[in-house]
Amino acid sequence: MSEETKPTAEILSTLEEHFPGAAQPAEYEGLVVAPDRLVDVAAFLRDEMGYAYLSCVTGVDYPEPTAQFPARFETVYHLFRSHGGPLTLHVHADRDEPSVPSLVSVWPSANVHERETWDLMGIRFEDHPDLRRILLWEGYEGHPLRKDFHEVYYEADHKPFSSRHPDGQPVQAEERAPLGRNLRYPPDWSEGGDLNPPEGWEPQAEVAIYDPLEERTGGNGRPMPTEQIVLNFGPQHPSTHGVLRMVARLDGETVQELEPVLGYLHRCHEKIGERNVWLANMPFTDRLDYICSMSNNFGYAVAAEKLMGVKPPERAEYIRVIMAELTRILNHMVVVGFFTNDIGVYLTGMLYGLEERELILDLFEMASGSRMMCNYFRFGGVARDLPEEFLPMAKELVYERLPRRVEEMDRFLFNEIFEVRGKGVSVLPAETAVAYGCTGPLLRASGVPYDVRRAEPYSVYDEFDWDVAVAYNGDVYDRFVVRFEEMRQSLRILRQALERLPDGPIQEGKSRHNVKMPEGEAYGRVEAPKGELGFYLVSDGGRNPYRYRVRSPSFTNLGVLGEMCRGHLVADVVAILASIDITLGEVDR
Amino acid sequence: MYGIGVLKTLSVTFGRFLMTYVDDARWFLKGGFGKRYSPEALPVRQSPGGRGVFTVQYPEEKLPLPENYRSFPFQVIDPETGKSPCTACGICAQACPPQCIWVVRATDPETGKSKREPAEFYIDVSVCMSCGFCAEFCPFDAIKMDHDYEIATYKRGDGEYLWGLERLSKPLAHHAAIHPTAYAAEQAEK
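Chains as they are written, first to last, in our numbering: chain A, 1 to 589; chain B, 1 to 190.
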């Protein structure tokens, strides 16, 4: 903890020099910045102190006054530079009319995050270019993450629910409140009791999407104006990798403006997480990015252990690294496969990727009991030790099969067709990538060798010999060059980890289901296959998280999609989306 | 030269195509036609050593499950007492993330005091997320994760997936059979 607080103190004194009175130490970590100086302070931190990367923006609701500060809403910003831990900024806002200046002008990556914070927490961001709901629909009533919001089938503020024991009543939520009675409709809908919209009703959500798009594109500037058309991809479309909808304004076949419309898989993961006890969130994180459940477990465990101040034993750390790197190979194999599907190879490449994935899932099943929803990590260790048959199969895979299969996939993908489809398509300059908060292969393909495993080493990654994969053209082609290189580096790490896997315990202390967290806040992040996966946790010292926030890489990377697609053909949109690599479970949360 | 890359790609697909038949032929040579899909061949052909494309003909054929595999919970019934070691302590109901376990503690009809055994025990498996916490945190080894994954029914609701004690109870021998290593470790601890 001490090495993290030191730079904060240094920054505080520097800020005091330039902006007297603008910042003060926060309750747990980081600084509290005065809202009226926020934009200046942020620009100063970016330009003079090197905090070029805004990872996460979120809000916290404090309906009751805390030790230092009155009742308030707080927005929390996590900033990073090329090396080291986060600088956390807190900005306080009024509890009744919360409003904070927007930071989109400083870091464009704030765009999607601020929209989400407005959507779920109801904090208004002044001067935000397009402050609309992002996960819920326009017209939704209320802001779910506020502490006084009660969801459908609300039973109690915190689990475990008292109705389960000692005189439990097996009544399902649907029976308690049948559909229709648990929803609130606008008053003019229920006339006649049929819950149909009144005549002439126009869905606001659609208007809110199409109108700004039209405004932004304007005319095409040619002497003879041509008509632009609106094209909807999805939400049910084979190339969107889930239920993602993209609204594009086309001029001929060229994309003028494109906007992803999210939220079709939204289940308010964070609200569920705040109801759960701490450990019960572990199986829920599996369902974020359901392709790589092990790295989600990893991220949550790292964040929670930061809060608890626990360090897992060495064997557990090695097992974690083995699982995380297997997950990376698994994910990249599948992504390459899906990409070939998207550019027209149909199922062949996809099944080649899935074949290797199945074998890695066999390993996960052996160790954790489940192929996809692993739920394998515990705070301070892993759930159970590796079974006997794990190591022989893992070694055969890592030493024999996977290296050959990675090279074979390389031969399969990199041909002239892929060059035509990938080279020079959707070039993302490094500055744009950093400004939009891109992480993972998307960022590294733009020539920024930023990897959380190197920048802020967690677990035992500093004990291995490996290189950060990087490519420099920033196009679709290079994103896959990076992914292949990452698979090779993962194999390198795996070989070292399997060789040096120590004996010993796999759990620090005893794993308990109702662990109490010390009061405080922590931001833990890992390099998931898709990018930086961060968990921001606030504890009030109880058995349930006070605030549980997931910073998912897919969601943030999607923020740059419109930028990447502008000026390209409709057919390229599919390839561009596939090259970002998203999972909708993680985007919509 | 332009086109070499495409030829390389096609060589990969053609190699896969050939290898499938080469592998079939290898197993054929080992023991005739039936050998290709024998229980002996299945785990090998679906392992890292397997080559070519191979399909397990589910539901006629099934791959063996690893011991740690978990589907849904069951209550272990001790053959000596005919009862579950469950004391209705409610830890499983507290640990359950989606809160799908209901435990009712039994009361002694004569004294009116609560007994250390469940009167009723329900798991709503349509809500259960198969996380295995109930089995992991049960202090009495009364609840274990099953290997049975074929639980599809034609109906939803009507309590079809609300399993009571009757449906959940399975003999200790079942636990010993599907979890040999864990069972041996439990016995050694006793």
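Treat the hints with care, since some could be wrong.
From the derived model, a few chain B residues whose C-beta atoms are all more than 10 Å from chain A [as the list claims (entries may be wrong)]: (1) TRP27; (2) LEU162; (3) LYS170.
Taking beta-carbon pairs under 7 Å as the criterion, some of the chain A residues facing chain B (in silico) [said to hold, decoys possible]: (4) LYS147; (5) ASP167; (6) LEU213; (7) ASN415.
For the record, the hints were derived by calculation from the structure and aren't laboratory data.
Glycine included, each C-beta is placed from N, C-alpha and C at the ideal position.
Exercise for the section: Sort out which numbered hints this structure fails and list those numbers smallest first. Expected result: Result: hints 2, 4, 6 break, sorted rising.
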